[in-house]
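Colleague: Chain by chain, the residues:
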Amino acid sequence: MLKTKTFVKKTRSGGVMKIVREHYLRDDIWCGSEFCVECKQDSPVLQKEACIESNLCPFTHYLIPDTNVVLHQIDILEDPLIKNVIILQTVLQEVRHRSGPIYKRIKDIIHDAEKHFYTFTNEHHSETFIERLQAESANDRNDRAIRVAAKWYGEHLKNAPAAEELKIVLLTNDRGNKEKAEETGLIAHKCDEYVKSLIANPELVDRLALTSDDSNEITSSKLLFPEHLPLSKIQTGIKNNTFLQGTFRASRDNYLEATVFVHGEGEDSKEVLIQGLQNLNRAVHQDVVAVELLPRDQWVAPSSVVLQDEGPKDEDEADETETMLKSEASEAMLKPTGKVVGIIKRNWRPFCGMLSKSQIKEATRHLFTPADRRIPRIRVETRQAIALEGQRIMVAIDGWPKHSRYPNGHFVRNLGSAGDKETETEVLLLEHDVPHQAFSQAVLSFLPKMPWGITEEDMKKRLDLRQLCVCSVDPPGCTDIDDALHCRDLENGNLEVGVHIADVSHFIRPGNALDQEAASRGTTVYLCDKRIDMVPELLSSNLCSLRSNVDRFAFSCIWEVNHEAEILSTRFTKSVINSKASLTYAEAQMRIDDAHMNDDITRSLRGLNKLAKILKRKRIEKGALTLSSPEVRFHIDSETHDPIDLQTKELKETNSMVEEFMLLANISVAQKIYDEFSECALLRKHPAPPPSNYDILIKAAKSKNLEIHTDSAKALADSLDEAKLDGFSYLNTLLRILATRCMMQAVYFCSGMDSDFHHYGLASAIYTHFTSPIRRYADIIVHRLLAVAIGADCTYPDLMDKHKQSALCNNLNYRHKMSQYAQRASVAFHTQLFFKSRGNLNEDGFILFVRKNAIIILIPKFGLEGTVFFEHKDQKHSPSLTFNEEGPTLTVEKHTFSMFDKVKVTISLDASNIQHQKIRMALIEPVIPGVSVAAPVDGPVVKRPKLDR
Amino acid sequence: MAGLELLSDQGYRLDGRKPSELRKVQARMGVFAQADGSAYIEQGNTKALAVVYGPHEVRGSRSKTLHDRAVINCQYSMATFSTAERKRRPHGDRKSSEMSLHLKQTFEAAVLTQLYPRSQIDIYVKILQSDGGNYSACVNAATLAVIDAGIPMRDYVCACSAGFVEDTPLADLCHAEESGGGTSLALALLPRSGQIALLQMDARLHQDHLDTLIEAAMTACKGLSDVLDSVVRQHLQEVSVLTRD
Ligand SMILES: [Zn+2]
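For the record, the sequence lines run as chains A and B. The opening position of the first sequence corresponds to residue 1 in full-length UniProt numbering, with each subsequent residue numbered one higher. The opening position of the second sequence corresponds to residue 1 in full-length UniProt numbering, with each subsequent residue numbered one higher.
Hints were generated in silico from the structure; no laboratory data involved. Hints may contain errors.
With a Cα cut of at most 25 angstroms, we get these calculated DSS-like pairs of lysine-lysine [said to hold, decoys possible]:
| no. | chain 1 | residue 1 | chain 2 | residue 2 |
| --- | --- | --- | --- | --- |
| 1 | B | Lys18 | A | Lys104 |
| 2 | B | Lys18 | A | Lys107 |
| 3 | B | Lys18 | A | Lys40 |
| 4 | A | Lys107 | A | Lys345 |
| 5 | A | Lys902 | A | Lys724 |
| 6 | A | Lys685 | A | Lys714 |
| 7 | A | Lys104 | A | Lys83 |
| 8 | A | Lys449 | A | Lys461 |
| 9 | A | Lys83 | A | Lys158 |
Make the full structure from the sequences, and use the hints.
Modeller: Next comes the structure, spelled out in structure tokens:
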């Protein structure tokens with residue numbers, strides 16, 4: 001049984017514990033080379049034709065990178081040119097320990113058969129395992145292990161036939177390691193030397209990460225930042241509470257300010273404010289850092305100034321802007337303030353952005369400005385600066401030395417011309433981490449084979465509901481129809497209502513590549529002119545989509561209700577349906593309203609509509625909130641795909657009709673799966689917001705002499721209903737928009753991992769997502785759970801594992817959040833395109849928020865929000881501003897702005913910064929001399945928008 | 001990245017074993033002269049000592065006596081120094097009582113108790129060093145001790161643990177693997193007949209995985225039985241050399 005020959009014990013001490021572990025050494029670990037005849041391996045990974053053309057190594061060679069090369073030069077290793085690389089187990093373990101994302105990337109490379117990367121388990125090989133010597137550090141031991149393994153390879157393959165030419169090349173950037181390797185007769189090169197010697201691809205040099213050795217030459221010796229503390233000191237500090245650990249969040253508006261979110265137990269989480277370059281100390285957005293609190297007398301208030309890093313021309317130039325931060329602040333506004341003392345974990349990813357070309361001609365070092373304002377500018381070295389001008393590119397950070405104003409990075413890839421619709425879409429998808437590449441062959445291989453049809457076998461397992469008068473109601477142009485409805489009279493006088501949901505889980509089986517891909521995407525992302533599907537189109541727009549007049553599989557939820565919309569019984573079943581009509585909201589509304597129509601579909605719709613109204617009334621009585629957020633819809637030109645008109649979405653009665661039944665189905669299913677699987681039901685909750693969130697809403701209402709109660713959802717809903725002002729009907733909508741901003745995010749969770757299930761917004765004790773499995777992965781899981789609960793499908797291990805499900809929920813929550821951001825970014829981009837083509841527009845708007853130096857305005861016609869600044873850097877004399885916290889009001893010269901004031905603005909596109917084009921608003925009315933502008937007339941004349949609705 | 005990688009992509013476990021491989025087993029019988037039978041076993045870093053007394057008259061209360069077979073009395077304990085963390089282990093704590101009970105059930109299934117009616121067999125096992133698979137080491141040590149005592153058994157009882165990592169069953173778990181999360185199962189097998197003497201699992205496991213896990217544990221048990229068999233044969237040889245004249 002045991003193939004071990006030798007038997008070594010490895011001792012690892014940590015703290016007081018002495019851990020003894022066994023460590024078996026084997027002699028059945030193969031070298032993985034095609035040359036070798038000794039090793040009994042099936043399919044060797046390393047090729048015979050292992051030649052990367054290089055001036056330095058003009059012979060067949062296998063590369064062995066050390067840990068730091070893998071950690072820092074992963075972009076190089078990922079290049080298709082680099083093949084036949086031996087990754088030692090020692091290296092892999094160290095990488096795993098030091099960086100999760102890089103570990104994943106190197107593993108992806110190893111799995112790619114084209115790359116011929118071989119993992120050699122050297123730590124368990126009887127001839128390459130070494131024990132740590134006395135007084136040898138763990139790092140030195142690992143370096144030695146790498147050299148021993150490289151040496152072993154050389155000797156092992158020397159005996160192989162036809163391998164005379166073959167050499168092993170060690171890649172290391174560590175001088176000591178290189179010297180020691182050369183002493184023992186190994187060929188060792190520094191990574192950059194090797195890459196520069198490559199004949200085939202000179203551009204690869206651009207992707208080299210700058211190592212600390214290089215950066216010495218390019219920056220002044222002056223120390224700009226305090227030293228980071230070593231991890232051991234940080235850990236001690238955190239233990240005795242002198243330091244706090246938290247996530248660094250850079251401010252979007254002010255590059256000299258950030259907050260560190262310190263995770264505490266329960267309510268204990270808090271935020272620490274960090275101000276000034278020195279205190280920020282090279283932390284980058286999303287890093288996990290250690291902070292030290294400053295003494296109380298040095299605490300400051302968050303500045304409400306907007307500051308962007310224009311980048312001093314000269315590195316040595318002192319940052320004078322920092323003094324601007326120091327504003328007078330009342331005692332109450334002071335926040336715990338601290339400074340970053342060390343970095344616990346970097347969270348760098350490749351960033352999209354643009355190159356700001358150096359002023360000096362022929363220079364190879366340039367500054368890169370990321371699209372995300374929270375990320376500092378990055379210094380990169382490239383020879384293609386001219387070619388990259390005006391292009392969106394991707395850059396990765398390599399490091400941030402303490403004497404450098406900016407982090408160092410390297411070019412990863414070119415995304416295309418800035419301003420180009422395709423490129424910008426790509427950028428916003430990348431920036432929001434939306435997986436959007438085409439589905440792989442592996443994924444597509446799990447699709448049903450066409451032509452697809454329903455078999456006898458299928459019919460046996462399903463209820464045949466094809467004779468029912470089912471129809472679907474969706475927005476116009478919808479091709480992924482997940483839901484359809486029916487309603488009919490029963491003989492006993494009651495009504496039967498059915499919600500039929502596309503049976504996606506029939507087509508996506510647990511665990512296969514298709515399922516994994518869908519789980520990873522988590523949701524379909526809808527951009528203004530593009531949809532990024534969660535599942536391949538064949539399913540989303542065809543086989544799963546409940547189109548009219550075709551037989552489709554459905555998962556049906558059928559209730560018997562009386563005329564008071566009380567549920568008498570609930571039934572779930574897998575079914576086959578044949579939708580009689582795919583209607584739009586408007587079409588459905590027309591049928592309901594048209595007294596002449598009296599066909600089955602119309603009667604079914606009327607029944608549904610009647611019940612929906614009762615359901616909605618009941619829900620609102622229970623305290624459900626009806627909130628509002630202006631949603632924008634573009635009319636896209638069918639040829640140029642440019643937006644030609646912009647309007648807010650109009651809600652019809654039928655929208656709410658469909659919504660009501662979806663809610664009902666979701667609640668019924670949530671209850672069912674929770675009853676059946678109390679530990680692993682996937683549910684959705686919406687926590688009640690902390691009372692302080694409502695402050696702004698209460699203040700705003702008070703300024704209009706209205707009262708908003710926020711003790712409970714019911715109180716809030718009722719007081720919102722009563723908050724009306726004669727002659728200002730839009731006020732109620734504004735209050736609801738504001739209330740929406742006070743809410744928390746709704747999240748998915750696993751019932752076994754949480755105890756609070758309440759859905760605040762819907763005032764429901766339990767809730768889940770069941771009704772959109774084509775575009776949300778959570779619904780697929782819920783379908784599977786429900787299918788098991790009713791015995792229609794079998795279970796599988798991961799479905800019942802609450803930890804795995806909890807991890808899945810985290811991913812889904814993340815993807816949903818990112819998809820929302822991506823959608824908003826897409827709307828913003830299209831708004832810009834729209835204004836670019838339309839020129840200036842003069843519109844009426846309302847003040848949504850009042851800030852210290854600006855007012856934020858909502859244009860109801862477009863659902864567009866914009867900021868009017870009253871301070872400009874280039875202006876000689878700014879107007880006098882008085883900000884009153886209590887109102888809140890802002891007095892500019894002699895005019896006082898308060899929330900909800902009606903104003904008139906001119907809207908235009910500010911394209912001065914190509915990377916951050918933005919909508920600019922300028923005040924027309926009220927007229928304030930020196931502040932407001934005259935209404936421009938060059939824009940096309942527009943009809944005065946109807947505001948009162 | 002937290003946690004240990006229990007199984008590498010190349011298919012090696014933390015200590016270098018492949019998923020189905022057992023740890024190194026070393027065993028000796030007759031280590032303790034006063035007792036009727038005794039054995040010492042090392043399975044990797046888990047070390048156990050088993051001592052058997054009997055069959056003898058039932059001690060203590062007579063009411064325990066069974067008229068058709070022998071009573072088996074098991075006692076399990078762990079040495080204070082057996083784990084990395086030194087702690088006092090009072091006698092009869094919940095864990096050891098449970099383990100004692102499991103051992104009793106295992107050996108009631110294996111020993112031909114009906115040959116010794118109205119008598120008692122005592123089996124004492126002590127874990128000297130613990131590194132996962134305590135139950136299996138105890139069963140294997142006790143088997144050897146029972147054989148050493150010359151008490152007839154249906155077959156060797158071999159025990160082994162098995163666990164699950166990313167859909168791969170691992171045999172004979174060490175402590176790091178046991179505590180690394182995931183479900184583990186202990187199985188005692190009578191290898192020749194393939195009968196299961198005891199099967200114990202505390203955590204939840206999906207039904208789909210149960211068969212593969214039991215399969216893995218059974219294969220491991222069979223492997224162990226070969227090792228135990230060779231230990232017994234070697235012991236016999238040594239003893240017969242000593243008693244030849
Ligand atoms: Zn070989």
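Colleague: Indicate, hint by hint, whether the structure satisfies it.
Modeller: Hint-by-hint comparison with the structure:
Our distance criterion of 25 angstroms between C-alpha atoms is met by B/Lys18 and A/Lys104, whose separation comes to about 23 angstroms. At most 25 angstroms may separate the alpha-carbon atoms for a hinted pair to count; B/Lys18 and A/Lys107 meet this at roughly 20 angstroms. Pair hint B/Lys18 plus A/Lys40 holds up; C-alpha atoms about 16 angstroms apart against a cutoff of 25 angstroms. Taking the CA atoms of A/Lys107 and A/Lys345, the gap is about 20 angstroms. The hint holds against a cut of 25 angstroms.
A distance of roughly 16 angstroms separates the Cα atoms of A/Lys902 and A/Lys724; the hinted pair therefore holds under the 25 angstroms criterion. Of the supplied pair hints, the one linking A/Lys685 and A/Lys714 holds, its CA atoms being roughly 17 angstroms apart against a limit of 25 angstroms. Proximity of A/Lys104 to A/Lys83 is assessed by CA-CA distance (about 18 angstroms); at most 25 angstroms being required, the pair is judged to hold. Simply put, A/Lys449 and A/Lys461 have alpha-carbon atoms about 20 angstroms apart, close enough for the 25 angstroms limit, and the pair holds.
Between A/Lys83 and A/Lys158 the CA atoms are separated by roughly 21 angstroms; this keeps the pair inside 25 angstroms, and the hint holds.
Checked against the numbered hints above, the structure breaks none of them.
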